[in-house]
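Quick note, the sequences are listed as chains X and R, same order. My numbering puts the first sequence at residues 1 to 359. My numbering puts the second sequence at residues 1 to 359.
Note that these hints are calculated values from the structure, not bench results. Computed from a predicted model, the values in this text were never measured in an experiment. Hints are supplied without guarantee of correctness; some may be wrong.
[As the list claims (entries may be wrong)] Computed beta-carbon distance windows for the label pairs:
| hint | chain 1 | residue 1 | chain 2 | residue 2 | range |
| --- | --- | --- | --- | --- | --- |
| 1 | X | Asp-166 | R | Thr-343 | 42 to 52 angstroms |
| 2 | R | Asp-84 | X | Gly-256 | 15 to 25 angstroms |
| 3 | X | Ala-289 | R | Asp-7 | 55 to 65 angstroms |
| 4 | R | Gly-9 | X | Ser-19 | 36 to 46 angstroms |
| 5 | X | Pro-68 | R | Asp-84 | 18 to 28 angstroms |
| 6 | X | Arg-334 | R | Asp-84 | 32 to 42 angstroms |
| 7 | R | Pro-146 | X | Pro-68 | 19 to 29 angstroms |
| 8 | R | Val-237 | X | Gly-9 | 40 to 50 angstroms |
| 9 | X | Asp-89 | R | Ala-335 | 36 to 46 angstroms |
| 10 | X | Glu-199 | R | Glu-226 | 58 to 68 angstroms |
| 11 | R | Arg-206 | X | Gly-236 | 49 to 59 angstroms |
| 12 | X | Gly-236 | R | Val-237 | 34 to 44 angstroms |
| 13 | R | Pro-146 | X | Arg-11 | 24 to 34 angstroms |
| 14 | X | Ala-77 | R | Glu-54 | 30 to 40 angstroms |
[As the list claims (entries may be wrong)] Simulated crosslink set (BS3-like; lysine-lysine; CA at most 30 angstroms straight-line):
| hint | chain 1 | residue 1 | chain 2 | residue 2 |
| --- | --- | --- | --- | --- |
| 15 | R | Lys-64 | X | Lys-322 |
| 16 | R | Lys-33 | X | Lys-322 |
| 17 | R | Lys-169 | R | Lys-322 |
| 18 | X | Lys-33 | X | Lys-64 |
| 19 | R | Lys-33 | R | Lys-61 |
| 20 | X | Lys-61 | R | Lys-322 |
| 21 | X | Lys-33 | R | Lys-169 |
| 22 | X | Lys-64 | X | Lys-169 |
| 23 | R | Lys-322 | X | Lys-64 |
| 24 | R | Lys-61 | X | Lys-322 |
[To be verified] Which bits of chain R does chain X cover? Going by a derived footprint, with three or more residues having C-beta under 8 angstroms, they are:
| hint | region |
| --- | --- |
| 25 | 72-84 |
| 26 | 90-104 |
| 27 | 115-121 |
| 28 | 246-252 |
| 29 | 312-324 |
Ideal Cβ placement from N, Cα and C applies to all residues, glycine included.
2 protein chains.
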Amino acid sequence: MQCLNVDLGDRSYPIYIGSGLFDSSDLLVSHMKGRQVCIVTDDTVAPLYLGNLERVLQGFKVTKVILPTGEAFKNWATLQQIFDALLNDRHDRRTTLIALGGGVIGDMTGFAAACYQRGVDFIQIPTTLLSQVDSSVGGKTGINHPAGKNMIGAFYQPQAVLIDTDSLKTLPEREISAGLAEIIKYGFIRDAQFLAWLESNMPALRALDSQLITEAIQRSCAIKAEVVAADEREGGVRAILNLGHTFGHAIETHQGYGNWLHGEAVGAGMVMALDLSARMGWISSEDLARGTSVVASAGLPVMPPENMSQTDFRRLMAVDKKVLDGQLRLVLLRALGDATVTTDFDADALSGCLAMSPA
Amino acid sequence: MQCLNVDLGDRSYPIYIGSGLFDSSDLLVSHMKGRQVCIVTDDTVAPLYLGNLERVLQGFKVTKVILPTGEAFKNWATLQQIFDALLNDRHDRRTTLIALGGGVIGDMTGFAAACYQRGVDFIQIPTTLLSQVDSSVGGKTGINHPAGKNMIGAFYQPQAVLIDTDSLKTLPEREISAGLAEIIKYGFIRDAQFLAWLESNMPALRALDSQLITEAIQRSCAIKAEVVAADEREGGVRAILNLGHTFGHAIETHQGYGNWLHGEAVGAGMVMALDLSARMGWISSEDLARGTSVVASAGLPVMPPENMSQTDFRRLMAVDKKVLDGQLRLVLLRALGDATVTTDFDADALSGCLAMSPA
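One chain only, chain X, in its complex shape:
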């Protein structure tokens, strides 16, 4: 087992990464302060792993909330089911919520923990590759609004993150690719050497080679932890973690939540960000080709959906959380391994980039 620390002063917490962690009660229980616990999961993950967790939590008063699966349910009505269960079973301020599932479950459970009685503890047990390397670390929680993704939420840190790599064995191939999108992102924004390592090892990573995938998760979490520690509430550098996400969120919203996986939208979105960086002359056409090829090799789309026009992109990107005083800000690359957040992009270059979509 590996252990990383997210360094946030009195909100610091450990990330445990390894095989067989579901069956290790000590790790979990050492981060709980009361005898009440509420496990929140979905109807895809529950049949696979809820039993393991219940065995580990014998002796606790356990409430289970099994939500419908998918981004389409990341809304207030679903969140309310968590509050209803907590109040129905009279959970008090010492309770611990456990998020068992992918990013949607983690975001909603974290937000429920942030709001229930103005804040109770929670633990992340991410079961998808995407949530293991991204949403479970860093304390971004929330739900969607019909007008935009993650528009309602809180910065709220967990007590601990438990990543059991065994859970990847039950993941569909498409979701492995989606997770690899965020892993590739860390190479693009911060670590050219890691990017080269990913290029060399992509087939083995897609085949879930145990040692390599653990290394990829560990490196990804380490980069994320470092960026989050530098800027917890995204006043500055943290925004680079959104490489490809402004384009990607527009794609997800346009297609209806859940039709494109988040990682797929980020894959295409990162290629768009690289394309814009190349049009600006910040990276070479070789770098663009190389970046596009890494994304493709992970089994991800490198083009936005055919039915999206430039107008669609502009309308949906205007509500991005990085917009300030009406000015769109984008994460672009100055080189592979070096990202920056900027408002200083050429309008024509952006038009050219968006026109990649056959509008």
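We have chain X; now place chain R onto it with these hints.
Below, chain R alone, put in the same frame as chain X:
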């Protein structure tokens, strides 16, 4: 104008108290960082003061949200109207929300600010005596759940609090009394000298003598600021601010939100807490009589509603946020001016106290 500081490190903020503050744009604008602002108010306060505020904010992009008045609307559906307006007018992370109204508006606006894009700034302009001395200071925000009051919310501090004492002139007498309940509370929990001062000046306070009411607000806010600075997230001493509130919340929930004013329920609830303190032998029967008389002199009820049974109280008090591991905690007095939070109360004494209600 008087200015107090709530000392919370990088979340510190000023409370301004005085006459004519609505018309002073400098105070307000100095606490805003963008050009966007969203004023949230209700249909009672809007006709009285919204115009003043709009005049002061000329040059800003102002969104107005006018909500229905009352505790019955302190729920998710109403909160959603704030998010809808913010997204519709494309407010970004630099926006400022302004709560113009009583405690319900302040709590909902603060919670909306805590959650919108994971947190934007807000300013409290409380227009009722109750919210001026209580809910506008200290950062407790939230909404009600059908199963309990303020069960969903956040600790989230404003940028500033502006208390314009002129706004009291339009308040109904019943709401002045409700505000005096919380003012009396500060005397009970922390300041016997202030309690004696209130006893002497109650008729003039009810008549809104300008100098005296400003002094009462200032002293109340100072006590609250001191307690909150010592314990922002209510891990300990802050709970004494809830004197009478466990009983009071039970009364409010039982009667249906809005039928008893919060201050009225707290008035009766404080007398119940004093009664229990006397039954425990912690305060004398003279102190109980004196305390009851101060509450009555403010025009507040000193008995719970006739239709509430002991069983009703026990059921509703079991979901109080101060319950930990199934154990009810109450705020009781060791003397007038000295409160403590305790689980150490006699079961028979509590039964006797609850039986004050003719059940």
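To see whether the hints hold, each was checked on the structure:
1. Take Asp-166(X) and Thr-343(R): their Cβ atoms lie about 43 angstroms apart, and the range 42 to 52 angstroms holds.
2. A hinted range of 15 to 25 angstroms holds for the C-beta pair Asp-84(R) and Gly-256(X), which are about 20 angstroms apart.
3. Hint check: Ala-289(X) to Asp-7(R), Cβ distance near 57 angstroms, so the stated range 55 to 65 angstroms holds.
4. In this structure the supplied range 36 to 46 angstroms holds for Gly-9(R) paired with Ser-19(X), their Cβ-Cβ distance being about 42 angstroms.
5. Range check, Pro-68(X) to Asp-84(R): Cβ separation about 24 angstroms, and the 18 to 28 angstroms hint holds.
6. A hinted range of 32 to 42 angstroms holds for the C-beta pair Arg-334(X) and Asp-84(R), which are about 39 angstroms apart.
7. Distance hint check for Pro-146(R) and Pro-68(X): the Cβ-Cβ separation is about 22 angstroms, which falls inside the suggested range of 19 to 29 angstroms.
8. Between Val-237(R) and Gly-9(X) the beta carbons are some 23 angstroms apart, a value that contradicts the proposed interval 40 to 50 angstroms.
9. Separated by about 38 angstroms at the C-beta atoms, Asp-89(X) and Ala-335(R) satisfy the suggested range of 36 to 46 angstroms.
10. Between Glu-199(X) and Glu-226(R) the CB atoms are about 60 angstroms apart, so this pair conforms to the stated range of 58 to 68 angstroms.
11. In this structure, Arg-206(R) and Gly-236(X) meet the distance hint of 49 to 59 angstroms, their C-beta atoms being roughly 52 angstroms apart.
12. Taking the beta carbon of each, Gly-236(X) and Val-237(R) are about 36 angstroms apart, inside 34 to 44 angstroms as hinted.
13. Taking 24 to 34 angstroms as the suggested C-beta distance range, the pair Pro-146(R) and Arg-11(X) conforms, at roughly 32 angstroms.
14. Range check, Ala-77(X) to Glu-54(R): about 35 angstroms between beta-carbon atoms, so the 30 to 40 angstroms window is met.
15. For a cut-off of 30 angstroms, the pair hint linking Lys-64(R) to Lys-322(X) stands: about 23 angstroms separates their Cα positions.
16. Using a Cα cut-off of 30 angstroms, the hinted pair Lys-33(R) and Lys-322(X) holds, with the two alpha carbons roughly 16 angstroms apart.
17. For the given pair, Lys-169(R) sits about 36 angstroms from Lys-322(R) by alpha-carbon distance, which is inconsistent with the 30 angstroms threshold.
18. The suggested pairing of Lys-33(X) with Lys-64(X) holds, with an alpha-carbon distance near 18 angstroms, which does not exceed 30 angstroms.
19. In summary, the hint linking Lys-33(R) to Lys-61(R) is supported, as the alpha carbons are separated by about 13 angstroms, within the 30 angstroms threshold.
20. Taking the CA atoms of Lys-61(X) and Lys-322(R), the gap is about 19 angstroms. The hint holds against a cut of 30 angstroms.
21. Taking the CA atoms of Lys-33(X) and Lys-169(R), the gap is near 49 angstroms; set against the 30 angstroms cutoff, the hint is violated.
22. For the suggested pair Lys-64(X) and Lys-169(X), the alpha carbons sit about 24 angstroms apart, so the restraint of at most 30 angstroms is met.
23. Annotation: proposed proximity of Lys-322(R) to Lys-64(X) holds, straight-line Cα distance about 23 angstroms (limit 30 angstroms).
24. Between Lys-61(R) and Lys-322(X) the CA atoms are separated by roughly 19 angstroms; this keeps the pair inside 30 angstroms, and the hint holds.
25. Using a Cβ-Cβ cut-off of 8 angstroms, 4 residues of the region 72-84 of chain R lie near chain X, which meets the minimum of three, so the contact claim holds.
26. With 4 residues carrying a beta carbon less than 8 angstroms from a beta carbon of chain X, the region 90-104 of chain R meets the three-residue requirement, and the given coverage holds.
27. Given a C-beta distance limit of less than 8 angstroms, the hint that chain X covers the region 115-121 of chain R holds, as 5 residues qualify and 3 suffice.
28. Counting residues of the region 246-252 of chain R whose beta carbon lies closer than 8 angstroms to any beta carbon of chain X gives 0, which falls below the threshold of three, so the coverage claim is violated.
29. Coverage of the region 312-324 of chain R by chain X holds in this model, with 5 residues showing a Cβ closer than 8 angstroms to a Cβ of that chain against a need of three.
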